[in-house]
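For reference, the chains in residue letters:
Protein chains: 6
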Amino acid sequence: MGGVAAGTRWIHHVRRLSAAKVSTDALERGQSRVIDASLTLIRERAKLKAELLRALGGVKASACLLGVPLGHNSSFLQGPAFAPPRIREAIWCGSTNSSTEEGKELNDPRVLTDVGDVPIQEIRDCGVEDDRLMNVVSESVKTVMEEDPLRPLVLGGDHSISYPVVRAVSEKLGGPVDILHLDAHPDIYDAFEGNIYSHASSFARIMEGGYARRLLQVGIRSITKEGREQGKRFGVEQYEMRTFSKDREKLESLKLGEGVKGVYISVDVDCLDPAFAPGVSHIEPGGLSFRDVLNILHNLQGDVVAGDVVEFNPQRDTVDGMTAMVAAKLVRELTAKISK
Amino acid sequence: MGGVAAGTRWIHHVRRLSAAKVSTDALERGQSRVIDASLTLIRERAKLKAELLRALGGVKASACLLGVPLGHNSSFLQGPAFAPPRIREAIWCGSTNSSTEEGKELNDPRVLTDVGDVPIQEIRDCGVEDDRLMNVVSESVKTVMEEDPLRPLVLGGDHSISYPVVRAVSEKLGGPVDILHLDAHPDIYDAFEGNIYSHASSFARIMEGGYARRLLQVGIRSITKEGREQGKRFGVEQYEMRTFSKDREKLESLKLGEGVKGVYISVDVDCLDPAFAPGVSHIEPGGLSFRDVLNILHNLQGDVVAGDVVEFNPQRDTVDGMTAMVAAKLVRELTAKISK
Amino acid sequence: MGGVAAGTRWIHHVRRLSAAKVSTDALERGQSRVIDASLTLIRERAKLKAELLRALGGVKASACLLGVPLGHNSSFLQGPAFAPPRIREAIWCGSTNSSTEEGKELNDPRVLTDVGDVPIQEIRDCGVEDDRLMNVVSESVKTVMEEDPLRPLVLGGDHSISYPVVRAVSEKLGGPVDILHLDAHPDIYDAFEGNIYSHASSFARIMEGGYARRLLQVGIRSITKEGREQGKRFGVEQYEMRTFSKDREKLESLKLGEGVKGVYISVDVDCLDPAFAPGVSHIEPGGLSFRDVLNILHNLQGDVVAGDVVEFNPQRDTVDGMTAMVAAKLVRELTAKISK
Amino acid sequence: MGGVAAGTRWIHHVRRLSAAKVSTDALERGQSRVIDASLTLIRERAKLKAELLRALGGVKASACLLGVPLGHNSSFLQGPAFAPPRIREAIWCGSTNSSTEEGKELNDPRVLTDVGDVPIQEIRDCGVEDDRLMNVVSESVKTVMEEDPLRPLVLGGDHSISYPVVRAVSEKLGGPVDILHLDAHPDIYDAFEGNIYSHASSFARIMEGGYARRLLQVGIRSITKEGREQGKRFGVEQYEMRTFSKDREKLESLKLGEGVKGVYISVDVDCLDPAFAPGVSHIEPGGLSFRDVLNILHNLQGDVVAGDVVEFNPQRDTVDGMTAMVAAKLVRELTAKISK
Amino acid sequence: MGGVAAGTRWIHHVRRLSAAKVSTDALERGQSRVIDASLTLIRERAKLKAELLRALGGVKASACLLGVPLGHNSSFLQGPAFAPPRIREAIWCGSTNSSTEEGKELNDPRVLTDVGDVPIQEIRDCGVEDDRLMNVVSESVKTVMEEDPLRPLVLGGDHSISYPVVRAVSEKLGGPVDILHLDAHPDIYDAFEGNIYSHASSFARIMEGGYARRLLQVGIRSITKEGREQGKRFGVEQYEMRTFSKDREKLESLKLGEGVKGVYISVDVDCLDPAFAPGVSHIEPGGLSFRDVLNILHNLQGDVVAGDVVEFNPQRDTVDGMTAMVAAKLVRELTAKISK
Amino acid sequence: MGGVAAGTRWIHHVRRLSAAKVSTDALERGQSRVIDASLTLIRERAKLKAELLRALGGVKASACLLGVPLGHNSSFLQGPAFAPPRIREAIWCGSTNSSTEEGKELNDPRVLTDVGDVPIQEIRDCGVEDDRLMNVVSESVKTVMEEDPLRPLVLGGDHSISYPVVRAVSEKLGGPVDILHLDAHPDIYDAFEGNIYSHASSFARIMEGGYARRLLQVGIRSITKEGREQGKRFGVEQYEMRTFSKDREKLESLKLGEGVKGVYISVDVDCLDPAFAPGVSHIEPGGLSFRDVLNILHNLQGDVVAGDVVEFNPQRDTVDGMTAMVAAKLVRELTAKISK
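Chains as they are written, first to last, in the numbering used here: chain A, 1 to 340; chain B, 1001 to 1340; chain C, 2001 to 2340; chain D, 3001 to 3340; chain E, 4001 to 4340; chain F, 5001 to 5340.
Heads up, some of the hints might be wrong.
[Unchecked claim] Mimicking BS3-like on lysine-lysine, the simulated pairs with C-alpha atoms at most 25 Å apart in a straight line are: (1) Lys2250(C) - Lys3225(D); (2) Lys2246(C) - Lys3261(D); (3) Lys2047(C) - Lys1225(B); (4) Lys5225(F) - Lys4250(E); (5) Lys246(A) - Lys4104(E); (6) Lys5261(F) - Lys4246(E); (7) Lys250(A) - Lys4047(E); (8) Lys4104(E) - Lys5246(F); (9) Lys104(A) - Lys4104(E); (10) Lys1225(B) - Lys2250(C); (11) Lys2104(C) - Lys1246(B); (12) Lys2246(C) - Lys1250(B); (13) Lys3225(D) - Lys2246(C); (14) Lys1340(B) - Lys3225(D).
[Said to hold, decoys possible] So the derived list for chain A, only partly shown, Cβ under 7 Å to chain E, looks like this: (15) Val22; (16) Thr243; (17) Phe244; (18) Ser245; (19) Asp320; (20) Met322; (21) Lys329.
Worth flagging that the hints you see were computed from the coordinates, not collected in a lab. We put the CB at the ideal spot given by N, CA and C, even for glycine.
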């Protein structure tokens, strides 16, 4: 029951139709108008929020949520397309207070804003292909960055979205970033089942594009020979769980982003052991504890310019939404790293 | 854990800000731009889909899905805000075939199209109040009706959305409709806990506005004295479950909409007994079976100009999404009534 | 994981102790003091509630909840011991309104009061045996009936409690009653696995004791040869589900209780098909719908002097507590039959 | 997560191996030895059980369970491969008594025996293809029928198994049977996604083979144009749910099997509404109630020579196994029809 | 669906009634009689159990369970009111043996006794306000302590109960105690949403009252600025999870209670990471492992005079009751610390 | 709902029958034929697989799965009888890749083969007693070991199966092995509730038989006085969780099997904390993390000649089958230790 089946079928409809009676030109004009309207909606919200923040004053950087409900580049389950609204709900849910662990006040509007979701399903349902869709994601990210002091904190969606997001961040800032990538998998395969935009290939695309200087992968415990070879080829620093007890000290005192445009943090919720985050598509036992992740994030030194939290799959969560709370706390603590 | 808590908090932010340093004018201009962009996005998708349908030809009326993910006017739980994407997923899910029970082919693009969701949460999060929000819903419905041969089939959301939807349908067609309303509750209270837009009051607003000639309520089994008095006041035909075995024959041979602008069908998923539809906010035992509902719908005579399926709450569904399948089949069978 | 395992073990402790060093007399005195204190607590609550009702005036009969959290006489699962607080929660839960289907206002304190639970586990844990425990249940019921205008509406617990409850009702009123008994099973076996107080034997005890004139059993679909023979022996009117479509008309126009002390209604939640009430210990497909039960109850003529709702097992309910809502609605509609 | 993925992958291993270094002959000899051993195991158990029954005497026909844990011919989910042990557990589970509704004693060994499962996964894992696998199923059924007075009552598995089972029954008895087929779907498509053994095609195979004279399909509510055309082509009597209220009387007084070799009953658990049987792969609302099914079965006149209960999917059942109990009760009541 | 909604509504009834026709005096007399009966029931059980223990001889201190099913002072969910019977069930459940990890035999009646629950809901339902209710809790604790060698081990309920319990312990012993408090939250706010008895304020009340000399808080990871300031104001030793890896050694070798009346241990189940204890109202990732908690408890030196296990919420537990088993093991290991 | 209830009842049937009319001889002959056929089926599959492996060449040792679906020797729940097919499904499930953590390729047929399940239930259902059944398990293991290069990796079933498995391994190899036993319980009681084949006694049987030289037990946290005494009596090295932080270093550098016939690894899934493996019969908080287990296994030096993974109970697993994935990963990583 893929989350985007409707879109998938419509693409066929649209193709069939256009093959039959509608000119390609007319179709593409229609699609472009839909895409433009989508970006306009994000732009107007970013503008409004940023104006308000600037009126308040005293903010240097402020985390701004942008949802990318895209699940169709997953190899196994497509539920992450449903994640953004569930994460937002959990962020503001009354079961916890409004402070982060180190004392940032989320109730202060200068700390966290939101520009809503890129209308991914609506665009796909108009027959727009993946190349162009990935560009829409990139454009959306840039639209947010356009508005000072907003910095994009992206809610996935599957991990395929990290490629267009990091590309946009790097292009907008004018150079590569350092990436801290927490994940059970390296997501660095050349292509997965022929899909170059697969959620298992995003970091191959990022490294090929030169959007990152250093790439540190932490939490890895499902990796093939090709995954290790690609890691070497791109100079990736892969920290596997097998040796985490030895690497822990180093990982709890990272310093990143100097000499480049800053730090990007990409958190795949499955970096956590499934005991801590059961609501993921790929259950891979032997992962990090939630505290392990916080220890790494809290102690990281560097200017965090953007980030993402991806691969939370609400269709696999417990009935009480434990993983939604986990994803939300990750977003909250990342917000504390970004906003200042 | 209300589905729209984020929005709720932001409204306060926005008010605080505007009270402090931002002029009301500037804020309203920003909100208007966001609303305009939202409507533009729906318009562009409706245009594109309708153009394609018209190019195909031979269609007199075609059901067009419009999601309204609004849950904050509910008195108990707000999960219906998450329903539209789950219903879409279930409509196209591979577990069933593409024919309706009476043989309509949903794979034929002339039968069913989709213009996506009204970005309710994004608009609320900009501080837009309910009056204006309800207008946005109405405008969205009219935008769809603008494009021949599209007819709106709205995915809720809670039942408060039926008011702006029916209002739009009636205003656009230029006169009242007949309404078949399947529900456990009459939703006709003057106001609920002071909220005139409450999901328990939508049909009071509809009747006051003169948007309906006849209103038939079927499945009723949770009704107070006020509910029965309001029913009498507005001339509502209330069929309570207590007497369903006697009313069944009449309800399985309805003829509606003659002399007015057509028939509107509003299906609250909780019209069904919770055995058949556990994923609802208000579990009220003693309801209709799914077959009872189909027998009423299949045998209804009349020109169905629009409809809605509301109050499915995915946060209360079974782990297999049984109620999502139920909501989806309701949408499929309503599509068969609308499209021709 | 029996709900009363703690009690079971303590009984052994107490026996061992008393065998060893404590005189039987001393032990029994202690037990008696505990039992007296238990009954005093119920009496004081009944008195206070009844005083308030009488001060209000105009009440002829008022349903009064009495919980009997006893599960250890069940043959399969003992979860019904946890039911009473869950049913109370569901009765007052904000998801439904305060009117019964026929218009009784539960918010009116004259309609429904509550004297809490018999402290079954506490008493058993002091080493009190079943004979004496059953007497405590009977005494508790009589204590409630002592206070005009209270009529006991008992929340089980398993079905073994109907014996001491009906016995108390009959003894207090001074003669037999007619019983409407809704159940998947006849519960009329001479003894089950040697336990004469078994939940499968309560109606054998009732008939032997002469506490009932007529006993109508409806919903029966799990019955052995012995069950049918016992039925004949005691003159029970057994309506099996196999012939329900033929018996329906008769059962929807019952007139009971004339010439005796009134009508007692005992509802085993498993009379319903498990589709409507999954939270029961004995899943027996092929039962009544919730509407079938309401049709029988609403149309019953007779003076209902007391009743019970038993065998709801919260440990088998859905995560949303659907069966708790079902049990609560049964209690609400029975309240409407009793109070006047 | 297909229930037979292991087998699927091994088939590839075996093919690759055999392509490489192992002669086809050697491989086929090995496979044949495995198949022979499998059939021997069933034969020995059938022999032992039948000997014991014959020693007891007085039995004319006795239902004998045969599990066929095959799920790989399903189009959507493959969980039915896990069903047979779960159904057995539920049949003997202590939560219900040992009598069927009409008084057959299942504790009497003359009424119900069991020869275990065909080792489907083990055989497939040796690289055996579907043609041959279907023959193994047929041979297993014949092996049971070989032993008087055993009559096969087959536990699926998906619906694809009905073809080899009915074929075996008909071939063994020397002529066609009449089939009562309860299902949401007609399963009569020529082939499904190219698979002629698909669970959606079994009854096309049966009718083509001449194994049935009359085929009555009851509960149908998901059927395409092709399904109806195939129905006509083969002279199938299709009773759709749309008209069930009209057909009910006729279906509750069926007389079948006269002039042919007897009656075969095939019950797809999804003939029931998902409210009554949520544990199925294809949730199709609007089905029969459990009582509807029992009314049809109890009133059927005819000599039932064999039957099956298929498509129960334990991976979609409720946590309490409600559908397992439903499947088990179907088996119990079918046993009562067969044994005499 | 608050666990005490019934009580809440009744309070209104009682107030309305008393306003109208019943004298305040009469009402208060009735309430007092109910409270007296409640305390008598606890006293009689404590007496009986203590007599038996003393007859056995050789016991210096013995843990005695006292349930306090109070959930209405919670800010978010009120399910902890249902916890005590579930914890008792799990303590004696057959899935584990009767020894604690360090070898205490729970089957020895000298090690663990039980005086049942304070009838919180029954008392509230009579219109008794929180001030008086808290006194009833205190009196119940003192009643247990009256009977040598019983020491109270309290089963919550929400954390608001720790205030009246500690107060009673301190008053009864005649001086302050040292408190080891395991929790995700400091529960030391001056008042929460205006409620001075809130479960978020209990330790503010305790410190103000001078009932504790040292207060050590371990597991803290959701704390606001006010929480830290209150901590300083009262001289609380707050150990936050952020620094747990550094504090671990110190916390695994605590020595408490010297020079005061002993040690009190208060365990909020949410001190554990939700992976280990999902059944809590406030899911706060990043907590202690179960082994972390045991290491702290096993190595603690001091005379433990009383304790509590609070905030287990059965309505959020897994279907198998994992958190019930966790709460039960906490009770078992605390029992081993107390009894000697 | 015991997993083998059917079998249990049949045993009674068979006994009754044989007592009555069938000679013991005839019955035993029938049983022997069934047992022979069962072993033949395993032998033929082992032969075929081993032939193929030998044809491929270059394999010294290859893990070969053998399922033993036996649950009736459990003291609490019997669900482990359903485990083998669920573990197989999870091993090959598409959610993870085919490499083990240290790079073994499971897609290489030389690394992992499968001979299916011992038909335990079928044999028991023929009235075969436990003594003989245990011999069948032993014979099955030897049958696998007969075929070079296969080494048995057994899928339980409850822990009682380790006794016949280890016995077979030791007898076949001609001497004792060293055993690494990961478990929450020592399983070394003389007998449990009179059952010498209990899952709580298997290691007592193994030590008595001299099948092991060293026995290391890791993860122990539920142990009685008898358990510790039996440990001493047999010279078992018991590592309790209470001291795991101190023992960790030693356990992460084990060297076993020198001077004996090799190493046997027995993994009871409940060695893990229930947070990591909720799907077990005995929830015992305070266990190992999944990474702890992998660290011990990865660093173990020794020739692993066979192993088992037992006590996974699918009836207690999460709806997503998290524990199935955990059991499968244990099997995968053990495969990597065995195959070379």
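Which numbered hints turn out to be false for this structure? 1, 2, 3, 4, 5, 6, 7, 9, 10, 13, 15, 16, 17, 18
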